[in-house]
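K.L.:
Construct the entire structure; sequences and hints are all you get.
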Amino acid sequence: MAVVEINNVFKTYHDTEVEVKAINGVTLSFEKGDFAVIVGPSGSGKTTLLNLVGGLDQPTGGEILIAGHRLSELRSSELIDFRMDHVGFVFQSYNLIPVLTAAENVGFIMNLQKWPKEKRMARTDELLSSVGLADRHKSRPSQLSGGQQQRVAVARALATHPEFILADEPTANLDSKSAESLLDIMEKLNHEEGMTFIFSTHDTRVMKRAHRVITLEDGKVVSDEIRTE
Amino acid sequence: MITAIAWKNVWRNKTRSLIVIAAVTIGVFAGIFSMAAINSTVVQRIDAAVNEELSHIQVNNKDFRKSTDIQNVISDYQGVVAALESTPGVTKVTGRIIIRGIASTAIKSAGVEITGIDVEKEKEIFTISEKLIPGTGSFFETDTKFNTVFIGEKLAKELNIIRYIITPESIIILTDEGVPTDIISKVGTLQGQRFVSDKKFIKACEKILEPSEMEKYEWKIKEAAWSYREGSKIVLSFLDINNNQTGAAFRVSGIFRTNNDMFESLSLFVPMDELRQLTGMEKGAFHRVIARLENNDITNSVTPVIREKLVDYEVLNWKEIQPDLAMITDFIEQIYGVFMALILAALAFGIVNTMLMSVLERTRELGMLMAIGMNRRKIFIMIMLESIFLSIVGGFAGMAVSEVVITITGKTGINLVKYSEGMEAIGYSAYLFPTIDTQFFITTTILIVLTGILSAIYPARKALKLSPVEALRGE
Ligand SMILES: Nc1ncnc2c1ncn2[C@@H]1O[C@H](COP(=O)(O)OP(=O)(O)OP(=O)(O)O)[C@@H](O)[C@H]1O
Ligand SMILES: [Mg+2]
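From first to last, the protein sequence lines are chains A and B. Under the working numbering, the first sequence has 194 at position 194, and the numbering climbs by one with no breaks. In the working numbering, each number is its position in the second sequence, counted from 1, plus 1000.
Just so you know, these hints were derived from the structure itself, not from any lab. Check before you lean on any hint, since a few could be wrong.
To be verified - One side only, chain B facing chain A, incomplete, derived with CB under 7 Å:
hint: 1; residue: ARG1364
hint: 2; residue: GLU1365
hint: 3; residue: GLY1373
hint: 4; residue: LYS1465
hint: 5; residue: VAL1469
As the list claims (entries may be wrong) - Think about it this way: if two alpha-carbon atoms lie no more than 27 Å apart in a straight line, the pair counts; the simulated DSS-like pairs of lysine-lysine are:
hint: 6; chain 1: A; residue 1: LYS117; chain 2: B; residue 2: LYS1008
hint: 7; chain 1: B; residue 1: LYS1145; chain 2: B; residue 2: LYS1108
hint: 8; chain 1: B; residue 1: LYS1014; chain 2: A; residue 2: LYS117
hint: 9; chain 1: B; residue 1: LYS1008; chain 2: A; residue 2: LYS119
hint: 10; chain 1: A; residue 1: LYS114; chain 2: B; residue 2: LYS1008
hint: 11; chain 1: B; residue 1: LYS1378; chain 2: A; residue 2: LYS114
hint: 12; chain 1: A; residue 1: LYS138; chain 2: B; residue 2: LYS1378
hint: 13; chain 1: A; residue 1: LYS138; chain 2: B; residue 2: LYS1008
hint: 14; chain 1: A; residue 1: LYS138; chain 2: B; residue 2: LYS1465
hint: 15; chain 1: B; residue 1: LYS1465; chain 2: A; residue 2: LYS21
hint: 16; chain 1: A; residue 1: LYS119; chain 2: B; residue 2: LYS1014
Where is the CB? At the ideal position from N, CA and C, for every residue including glycine.
P.N.:
Put into structure tokens, the structure is as follows:
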């Protein structure tokens, strides 16, 4: 069963007089273990698509299934918990809670899910080590570099074993070295834990690292290549 | 965890939070302290009125207040006393004779209310005996063949019994008080002169001292020059039971000082037996019976009980005798209402403002939190808690400061001597000893916390209206 199924989805914005078809009939599916990137020019609908897949926004047509659940059947109050249980998010910026330490940020969702303390701490240790920040438990986001902050965000997204992780331009604010190392970590997690990653980018170097490249233009999928080395 | 995050969020923008907290602190302090100060004047005034002038309950012959005729006595004194003493809440009972008359010296005279008292019982019920000015004698302790009278300082001045003389002793007093030597030497030039009134003495001082010096030292100089010859005599004249003019010379046993000029100039006390002899009143005849209660607060509940027992008499409590005292108590409560409304409005305004700013600043962060699984209820609680923390920290800091300042000034007093003439003319002390009861503190705390909660609702709802998509997009 596919982790994500997108069936003929539309998203139209009725802004002012113009009607913007941000997503214009997209059909896609993502399998467990995918390491897929969505590319396309600015305004092509990448962010819109990821928001729809993440259940942050509702499509105006078509249907999205996550792990077999129809998102349209969930009430908005259920959707928040559904997101927390099934989807990991990494945003371009503002990922972390500034008043909490790196470890507390990683533990945040586990905390919301009321994990026992021991288990939470063990998982936090494990995750911070796997993103290479074992020694930064007590650092505040403001004391971390942009790349380190993104890695903490990845660790947090992974914490509760979601079905997949969505990342909208996770490297956009990073220098190329930090971007590379973030991708190394994502790739490693993909390899070792079989975690599914769906992310968007403008960066051709990032694009090259993906195993699957989906190109959007004007809200439509214009190509979907699978790369095998 | 949300509580911890909310608490930390409060301190994210330290300056802003501290400004709000400081504003709340100052507001709360200003409110509580001014209330305490106002409250103290009233409490002191009521205590003074009850302790020195009125007591709690007065029982009169029904006609006595209309016409203070010497004949309008209480017919069944023993019965009245028994009825009062058997009423729960009543602690002490005594009888009085009250006669209108004229007090005079060789030069001056004044209308007075002569109160015949049972000296020993009076000491138990009233504190007037403690208001004796040191050095002016005693409360009827001197053994003398003369009739004796206990009079107020104001009356003593009106009758020119008190004079102002700069003596070598005055100079010593002034030196002890730390008055500068140049001023003392100027004042010294008045030595030996006798001033029969306050005004004349001040005029003489004004001639030799600068206005600024006067302002600073007038009060001390007056105190030092204040002089009274022990054993001075005044003549009291009044009508006896047969409506014949009668009178006698009375030796001043002592002079009392209260904060109430009216009372000081109008009321004087004479042992009951002396008055009985002069007027021809019978031994068991009294004009008024006075009862003391356990405390002021039970006045309203005890009065009707007594009234029912003594239907043939006029029964009045202190609030009825001096309605202004009761009114001022109500008035204080209203002032409190207005004060609190203002403070709370300012508090609410500050918190709504700060929290709105803080929510708007954190739009993207709040969007992120909603995206990753923090539900609306938790966001709402978090913002509410942040506001509540702000108001509670400010509120409690304000109350702590108030408590400290009130405790200190409550002991040392706030000196308003400069304005003392105006204050004392209407019976208020020139020293404030701010007091506030626990009830007031508790009410204030609850109101502050409630306001904190109420003013949190609007910013918290604003935060709920954010949609994660827009919050994340909004640059
Ligand atoms: N809330 C909105 N109201 C109106 N139009 C919107 C809204 N959100 C997005 N759009 C429009 O939808 C289209 C797709 O936007 P989207 O942000 O998904 O593009 P993108 O591929 O992520 O672009 P970028 O590479 O610049 O991030 C754009 O034309 C955009 O203007
Ligand atoms: Mg985008």
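K.L.:
Tell me the numbers of any earlier hints that the structure contravenes, in ascending order.
P.N.:
Violated hints (numbers, rising): 4, 8, 14, 16; every other hint is consistent with the structure.
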